[in-house]
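Chemist: On the provided structure of chain A, position chains B, C and D as indicated by the hints.
There are 4 protein chains.
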Amino acid sequence: MRRIRYGMIGGGKDSFIGAVHRAAMRLDDGWSFVCGALSSTPEKSRASGTDAGLPQDRVYATWQEMIEGESKRDPAERMECVVIVTPNHVHAEPAIAAMKAGFHVVCDKPLCTTLADAERIADVVRETGRVFAVTYNYSGYPLVKQARRMVADGVIGPVRKVLVEYNQGWLATRLEDTGQKQAGWRTDPKRAGAGALGDIGSHAEQLTRHITGLELDSICADVTTFVPGRPIDDDASVLLRFKDRGGARAKGVLVASQVCVGHLNDLRIRIYGETGSLEWHQEDPNTLTHNALEGPTRVYHRGDGGLCDEAQAATRLPTGHPEAFYEAFANIYRGARLAILGEKSPAIDHPTIEDGVRGIRFIAKALECAAGGGAWTAV
Amino acid sequence: MRRIRYGMIGGGKDSFIGAVHRAAMRLDDGWSFVCGALSSTPEKSRASGTDAGLPQDRVYATWQEMIEGESKRDPAERMECVVIVTPNHVHAEPAIAAMKAGFHVVCDKPLCTTLADAERIADVVRETGRVFAVTYNYSGYPLVKQARRMVADGVIGPVRKVLVEYNQGWLATRLEDTGQKQAGWRTDPKRAGAGALGDIGSHAEQLTRHITGLELDSICADVTTFVPGRPIDDDASVLLRFKDRGGARAKGVLVASQVCVGHLNDLRIRIYGETGSLEWHQEDPNTLTHNALEGPTRVYHRGDGGLCDEAQAATRLPTGHPEAFYEAFANIYRGARLAILGEKSPAIDHPTIEDGVRGIRFIAKALECAAGGGAWTAV
Amino acid sequence: MRRIRYGMIGGGKDSFIGAVHRAAMRLDDGWSFVCGALSSTPEKSRASGTDAGLPQDRVYATWQEMIEGESKRDPAERMECVVIVTPNHVHAEPAIAAMKAGFHVVCDKPLCTTLADAERIADVVRETGRVFAVTYNYSGYPLVKQARRMVADGVIGPVRKVLVEYNQGWLATRLEDTGQKQAGWRTDPKRAGAGALGDIGSHAEQLTRHITGLELDSICADVTTFVPGRPIDDDASVLLRFKDRGGARAKGVLVASQVCVGHLNDLRIRIYGETGSLEWHQEDPNTLTHNALEGPTRVYHRGDGGLCDEAQAATRLPTGHPEAFYEAFANIYRGARLAILGEKSPAIDHPTIEDGVRGIRFIAKALECAAGGGAWTAV
Amino acid sequence: MRRIRYGMIGGGKDSFIGAVHRAAMRLDDGWSFVCGALSSTPEKSRASGTDAGLPQDRVYATWQEMIEGESKRDPAERMECVVIVTPNHVHAEPAIAAMKAGFHVVCDKPLCTTLADAERIADVVRETGRVFAVTYNYSGYPLVKQARRMVADGVIGPVRKVLVEYNQGWLATRLEDTGQKQAGWRTDPKRAGAGALGDIGSHAEQLTRHITGLELDSICADVTTFVPGRPIDDDASVLLRFKDRGGARAKGVLVASQVCVGHLNDLRIRIYGETGSLEWHQEDPNTLTHNALEGPTRVYHRGDGGLCDEAQAATRLPTGHPEAFYEAFANIYRGARLAILGEKSPAIDHPTIEDGVRGIRFIAKALECAAGGGAWTAV
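Protein chains in written order, with the working numbering: chain A, 1 to 379; chain B, 1 to 379; chain C, 1 to 379; chain D, 1 to 379.
Isolated chain A, as found in the complex:
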């Protein structure tokens, strides 16, 4: 069994998401963690790398050193892929440098903090031909794959409306004032770019597109900072209009909030077509609800024999043995790994640079719309 050798940028001791990426890779069982530049200061980088069990000579002080150092190693042992799990403002430069040095890249979402950066990254992906995966992890759930397949197969007819929500409540108070690291950088415009729109709104946008295949035509966004003194958005409500497809124009509503007390990590989507609808909730990811014009509500269960190939390929455990967040995340890594190995299967994919760029465009246009008084804005 061939494992991809990866180096990580970010993901040091206090990081939440770095540990998640590594666990997802272990679950996928196709990755070897060989080097890292795990923190923003050289000392913390070294301490974190030692903690993580990396060999001393492959614990780097900075991501620049890592890319340079690994480039000099024997191709048979050098890293093959860079995993970027830093705050959003430290995505673009290492991603570009890594690809230019010949490495594949897995990058956390949102892709970066500006549309200009997003397009620069995209250009380098095209130039270098490297695999570039963005960890829109929620699209890795098996029943998301099933939903996408059902929409594509016309099970619910042409889509008319999408209601997508991503509500959380953890930032309902000024958590960032307590020293909580996650709250700190995610409410800092310099490091995060956008707040609720960037951190979670972009997931909602990508999930919608991933399942329906619809492209946004224009949006009307009401973007709010509810918590006094916070310098970034913590809530957004966005009316969506999708591009015409065969004469029909779908619409939708996207809601993303970090101040909706009582919601934990409540990404959910409902898709209404001419002849049926689908509903899926991230916090209850092992079921998918389907309604048709007639007959009972149908609830599909992950692991059911009748699900589509993509859903089966994304499944590890028998039905009733619940899978959850890590497994979906690991599926993104599986897709990236197969792409790197050149073994990409039709049933296993990963979010690409296109998802990344579109996410940044959505965020930028929503902020532009809100800043301009809320008139409908082309995307």
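One should not assume that every hint holds.
If several chains are the same, the list does not tell them apart, and a pair holds so long as it fits within one copy or across any two.
Said to hold, decoys possible - Derived DSSO-like pairs: lysine-lysine, alpha-carbon spacing no greater than 30 Å straight-line:
#1 Lys-72 - Lys-365
#2 Lys-344 - Lys-44
#3 Lys-190 - Lys-72
#4 Lys-365 - Lys-44
#5 Lys-243 - Lys-72
#6 Lys-365 - Lys-243
#7 Lys-181 - Lys-72
It is worth saying that the hints were derived from the structure and are not from the lab.
Modeler: Relative to the frame of chain A, chains B, C and D by itself:
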């Protein structure tokens, strides 16, 4: 036990809602059905009245005859209250005539079809001092009362955001072409005034105001007719901004659709305050969910000993013995009855002409906004 | 419209269940309350009757006087049916006397307190040919009818196993010591006969038989009084074996408890056949869940067009407009009324004396089994 | 970071549970897979070991060879722990041999196939002092830990009743005739020992004891083979009586079935105390429901700040990011690892030989009871 004598306008043989009103009144157990003009043609009116067991001399061919005929009767036996359950375009005239003749009025929602008519009715309510109740029946549920009390008591802090939905799927196809009577008049602009906005959007608007006490400042509506050839809206998504209250401005999203396949009669509301949130679903009306900044999710059950007076007053059965649609409807009638009897209790109310007028204004402004290209519109 | 004239025995001011019966009859809309002996003492009977709006000369001091008094009245105005809502120990004598005097009877459950009494009542039903309905109200729910039809039609194949529960928590403490009237008589062996087994276990037994058509062969019961000092059972767990049907013998478990804190009125049933299963919960009565060997879980909704005739006949409101406890109760009355009118339809029935007797036999055998150390006992 | 070197017995190519154990260990991130005897025939063992990426010289043909071969290796590289994931009849001998050779053991459940074997294993655990963990994986869920803590802290008062269920439907037909490997050995009395009782009933028994701390006093079991021609039980319903604890005797019902169509892997438990109750479902493992005598239902969420140390220690992801089967399984491995490292923390444990023996005794007594006609049987 003193029963209110009522006459009904509309509600003949094929009517859905007339039978519901009568059952609700029987459940309330304080009403006597004494006369009616039950249909739009004299023959059908007579046949329906006979069917309903009314005495021959109190089955009227038209509502005008009923008001005239009853006015001449001995006050000890004449009707005291007119119940109007006709399509929306036949609300204003009989309501005004009835009040001018000295009768109280219970009128189905929405109040009427134009803002001008709504204001005319309101003027007559003020002039005559008659009791005027609008059957926004969903606000009669016990746990809606509990939610309202909890908001008023500050249990969730100042409200920041409201997500209110009223989704149905029954008009996802051209049901009106099949001869289905309900679908027929509800998709006819002349009789209904508005479609999804009027029939169900107005319920969502009233429920929001009833629970939160917030007043709309401005809205941004995307109003759609998804079913080809239908001359009226069947879907609306509306961004809401509420009036400033003590420095804070709440926002919200209202969604109302008749084409969301799989939804039956799915009115639901979520209210997010600074320190907590509430959630209630009409199809699961015996529970109310409360989340605070900390601690577990709390689910309240209708009939619990600890609920507020208004919730207790609206309750007939012990907890676990589910109450539902009829009981909530009957609570509206109870409030109207007590008002007519001059026994109004602080715990038992009914939607008033103000609710009726605000509903029509909301509908009118949403349609105006949509017609004008979707710019934010003051309410 | 022809209404049945009824007199009520029990159901005075403090009664819970009497008011429920009257509301159910009003909802059914085919009953006239003409006389009553509403309480156990003459004064309270008179006061309750006056409160209820009965004419003075038809408010009786005792049920004996009521039967005698009404018998002397003009047949065109005398009561036709006696409704018995007293504690269990006052069911048998008035039921027998009423039938012997020519009146039909609707009697609350359980039928009475001893198997001997149950058989005496049954004898008189046979002798007199009167309509005799027992208000096993939960079997009146539309989706219970649907479940029964699906089992009868073989949708889930021959039944293998039934799990039926009726859990409540209201008697987890000595509520009977607080003066609470319901708790008082229901924990008094003289008035109630049995405790949890009688009050709720009998509902579970009847629901099982109603849906599956299976007859009990033998049972093994563990009957407990958990609350110290209580002179009656408050909990029972019963293993069930049903009679052989076509070579297959179904089994089951029945649980009934009044001390399971957190349960309100939680009657629920699951039926497993060779090719499918059904699940229904009384507290969520508008859905019925069906699973087959393959394919998604199917959730049926009351009011769906595709449901069986019996379910449709038991339905008043469109789907999504929830019906609940009163409506199911009213359906029992509708069945009784049609039987009295001689208009019994195949789709509308009511629990009969046979249900009543079997319920008492189940209670008696469960108590006998437990008293005898828990060996399997023939029913 | 120190990793435990383990060798696996069983878990070859077609095995379901071996792959699960390995994934759980990777998630725990403290184990190195160094050798294996992965199948019941030497050739398949070798092929499976090669597939798994083991070095050739540590792929053994039989478990005997593995124990012997590893014993000869340098202590710094030899395996430290044997993981046994074979069918139940191949648990006892390798476990005993491994411990005698100085290795720790992690063994799948149920412990073995006879009570005599269970006691032999227990003797060797005592003699050798080796760590011995039984993978009752469901007791590794964070909210199971929370439930156990709440019971221990008296939050629900002394326990009165437990309702525990483990229902599946996958063996509702003769799946074993189709060549499905899992169905094959699990319905073979020689390899499995018992059917539903062993495979899933033992989980239910252990979960009950783990959470409540109650010990079984006696049981009354109805054990059934519903599928014709199957030589082993596929369904059991068991009445439970627990040992007296401070004057109170709790009771319960345990249901385990493999023929309940529609259930996937539906382990759920409800515990009723004098002042409250708890409910948890394996298929919805991130919530725990608590009811008290008064007040709302309380739903706790995995990851909530207020949960107990044991629950927090068992948690990897923030609330709302669902954890599931693998993570709970990994927690068992974490407990075993810490025990092997001598770093056992009070908050992190693992099921022990005692759990294993009690499970086998429960199975044996249930079968004895059923074989003897169903009289209450001491445990």
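Chemist: Now, for every hint given, state plainly whether the structure supports it.
Modeler: Status of the hints after comparison with the structure:
Proximity of Lys-72 and Lys-365 under a CA criterion of 30 Å is satisfied in neither setting, with 42 Å inside one chain copy and 67 Å between copies. In this assembly of identical chains, the alpha carbons of Lys-344 and Lys-44 lie at most 30 Å apart only when taken from different copies (29 Å versus 37 Å within one copy). Taking the closest pair of Cα atoms, Lys-190 and Lys-72 never come within 30 Å of each other, the shortest separation being 33 Å inside a single copy and 59 Å across copies. In this assembly of identical chains, Lys-365 and Lys-44 lie within 30 Å of each other by CA distance neither inside one copy nor across copies; the values are 37 Å within and 58 Å between.
For the homomeric pair Lys-243 and Lys-72, neither the shortest alpha-carbon distance inside one copy (48 Å) nor that between copies (64 Å) is at most 30 Å. In this assembly of identical chains, the alpha carbons of Lys-365 and Lys-243 lie at most 30 Å apart whether taken from the same copy (16 Å) or from different copies (27 Å). Taking CA atoms no more than 30 Å apart as the test, Lys-181 paired with Lys-72 passes in neither setting, with 35 Å inside one copy and 50 Å between copies.
Hint violations for this structure: numbers 1, 3, 4, 5 and 7, all remaining hints satisfied.
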